[in-house]
Amino acid sequence: MRRRERPKGPVPWLVTAFAVLVVIVLLVLPLALVLQQALAEGARAFLDAVRDGATLDALGLTLLVVGIVVPFHVVFGIAAAWLLTKQDFPGKRLLGLLVDLPFTVSPVVSGLLFVLLFGARGWLGPLLREHDVRIIFAVPGIVLATLFVTLPFVVRELVPTMEAMGRSEEEAAASLGASGLQILRRVTLPRVRWALFYGCVLTAARAAGEFGAVSVVSGHVRGATTTLPLHVEILWGEYHAQAAFAVASLLALSGLLTLVLKAWLEHRVARARTPGASA
Amino acid sequence: MTIEALHVHKRFGAHRALDDVSVRIEHGELVALLGPSGGGKTTLLRVIAGLETPDAGDVRFSGADVTGAGPHERGVGFVFQHYALFREMSVFENVAFGLRVRPKVTRPSEERIRARVQELLALVQLEGLAGRLPDELSGGQRQRVALARALAVEPKVLLLDEPFGALDAKVRKDLRAWLRRLHDELHVTSVLVTHDQEEAFEIADRVVVIHEGRVHQDGPPETLLRRPASEFVARFVEDAQVVSGTVQDDGLIQLAPLRLPGASPGAQIDVSLRSARVIRRPPG
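Listed in order, the protein sequences are those of chains A and B. Those letters in the first sequence? Residues 1015 to 1293, per this note's numbering, in order. Those letters in the second sequence? Residues 13 to 296, per this note's numbering, in order.
One thing to keep in mind: the hints can contain errors.
[What the hints assert, rightly or not] In silico DSS-like pairs for lysine-lysine, Cα to Cα no more than 30 Å straight-line:
1) Lys116(B) with Lys1100(A)
2) Lys116(B) with Lys168(B)
3) Lys1276(A) with Lys1100(A)
4) Lys168(B) with Lys185(B)
5) Lys185(B) with Lys1100(A)
Read the hints as simulated data drawn from the structure, not as lab findings. Nothing here was measured: the structure is a model prediction, and the numbers come from that model.
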C-alpha cells in the first residue's frame, strides 16, 4: 500500500482548519444548541412541550403528509424513471429537465403557484368554491405543495440505477415469456430496491421538514393546518423558546436518523450501480 | 421450425442497420450470422427474437407471420452476449424464471420445476452450483447458466448473440464444441451471431455473411471458402490478400512477380491469396 503524502507547508493546514471551523460553526454547534435549548428547562419541560396537544396535532399532520407523499412518489418515481431510461419518445429530454424544476424554484414560489391555481381568487378558485372544495389553507394544499417540492428525489435516485442496469435483463425476461408487470416486479424492482428506498428516505425527510411552500398554502390554522416546522415557527413567534427548541429537536433527530440511513443506503446503491460482469 | 426473415429493413437514425435482408433457416439447422461488428447481424437476430421491430419486411415462424408479436409471445430462447443473468437471483431461480412466469394454467408444479431445473443444470454441467449468485460464477459458467435458462422454456428456436465473445480463447473453444454436441443432441433450430469466422465455420451448418446491413453470401462453410461471392467475403472469411492482375494472351494472369492460369485473355482480374489456396475472380 502506498503511503499518503504528509501535508507540506501551511496551506493544507489552513484549508483543513477552515473546513473544520465551518463544519463546527454551521453544523455541529446549531445542532448541539437545539438539543441544549430543548432540555434547558429540564426533561419535564421538554416532555410537556412534546406532549402538548398542538404539537401532537402538528406531528399527526406531518406524518399524514409523509404517508401520502412517499407512496405517491414511489409510484410516480418508478413510472417516470422507467420512461426516462427504458423508453425513447419525443420530449424525453424536456421531461428529464422538468422533473428537476422543484429543485430550482424557490419553495415559496412553488407555494404561491398553488395559491394562484387553487386559491379563492385563483384560476380554479370559483370552480372549487362551487363544489365546496378547499385546497388552499387546508390539508390538500399542504399535500400538493409537499408533493411538488419532493418530486425529484425518487426519480433522481432511480434514473442512474436503471440506466446502469441497461435493458438486457428485461429483454431476457421478455424472451422467457414474462409480461411487462412480471418484468417490473421480478427483475427491475429487485435491482433498484435500494435506490428506491433511498429516494423514499430523502423524500420523507424533505416532506417532514418542508417549510417554505407549506407555509404559503397552510394558513397556519393551529391544530388543523400546521405541520411540525410551522408549529416550531409559531412557538418561536410566541416567545415559547424552550418549547420551540423541543419540537425542533424532534425534527433534528429525524434528520440524524435520515443521515444514518443515507450512509448505509449509499453503499448499497453504489453496489447496484456497479456493472458486475453478469450485468 | 423454419424461420424466415423477408426483405427486412431497419434503421437507427441515419444508420441503416438492415437493408433488405432475407434469410431462411430450416428446421433443426444451426446457422451462423457472420460479419464484422456493426454490420447488422445482431440487429437481425433481435428482429427474429422480437426485441426490435423492423421498419419494413416480415418475420415468419413456420410460415406464420410473427412480425407484430412481442418477444414473450414468440417462444424463442435468447442468449445475450453478456449473459444478462438476473443478478439478484440464484442460478436455480435464473433457470426456473421462464417456468415461473407462465400463466397458472400452463405453469408446472413446484416439483416439476425443480426436476426440470436440475435436469437442465445437469445438461450444462452445473449441478453443484444451483445456489450460487451469477456474480460468483466464472464467465464460462455464466454462459452455460444463460443457455440453460433459455432452454428451460423449450424454445422452438435458440438465438445466440456472440455467445462466446466475452470468454477467453481456451474456454471459448471448449464451449463451442460443447454447444455443437448439444445442438446435435437436442436438434433445436439455432441461430448464432459471431464475428469470428473460425467459430462460424467450426460450429455452423450454414454461414450467412452480413456486412453493412446486407447479406453478402449465404452457404455452407466450404462454399464460402471455395467461392467467395465478393471481395469482402474473400477478405473477411480468411483474411485473404487480394491482388489485381490482367489475364495475358497465353491464358496466364500477370501479377507483378507471379503468373497463374486464367480464362478469357485481356480480362481484368482480382486474385485473393491465402495460406492454403489461391482463388481467382473478377474484381468487385
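*Starting from Lys1276(A), check that the Cα of Lys1100(A) is at most 30 Å away, please.*
Judged against 30 Å, a Cα distance of about 27 Å means the pair holds.
*With a cut-off of 30 Å on the C-alpha distance, tell me whether Lys116(B) and Lys168(B) pass.*
holds (21 Å)
*Assess, step by step, whether the Cα of Lys116(B) is no farther than 30 Å from the Cα of Lys1100(A), and give holds or violated.*
Satisfied, since the Cα-Cα distance of roughly 28 Å is no more than 30 Å.
_Agreement of Lys168(B) and Lys185(B) with the hint, judged by alpha carbon distance not exceeding 30 Å_ = Status holds; Cα separation ~26 Å.
*Given the hint that Lys185(B) pairs with Lys1100(A), does the C-alpha gap stay at or below 30 Å?*
Between Lys185(B) and Lys1100(A) the Cα gap is close to 35 Å, so the pair fails against 30 Å, i.e. violated.
Violated hints amount to a single one, hint 5; each of the other numbered hints is respected by the structure.
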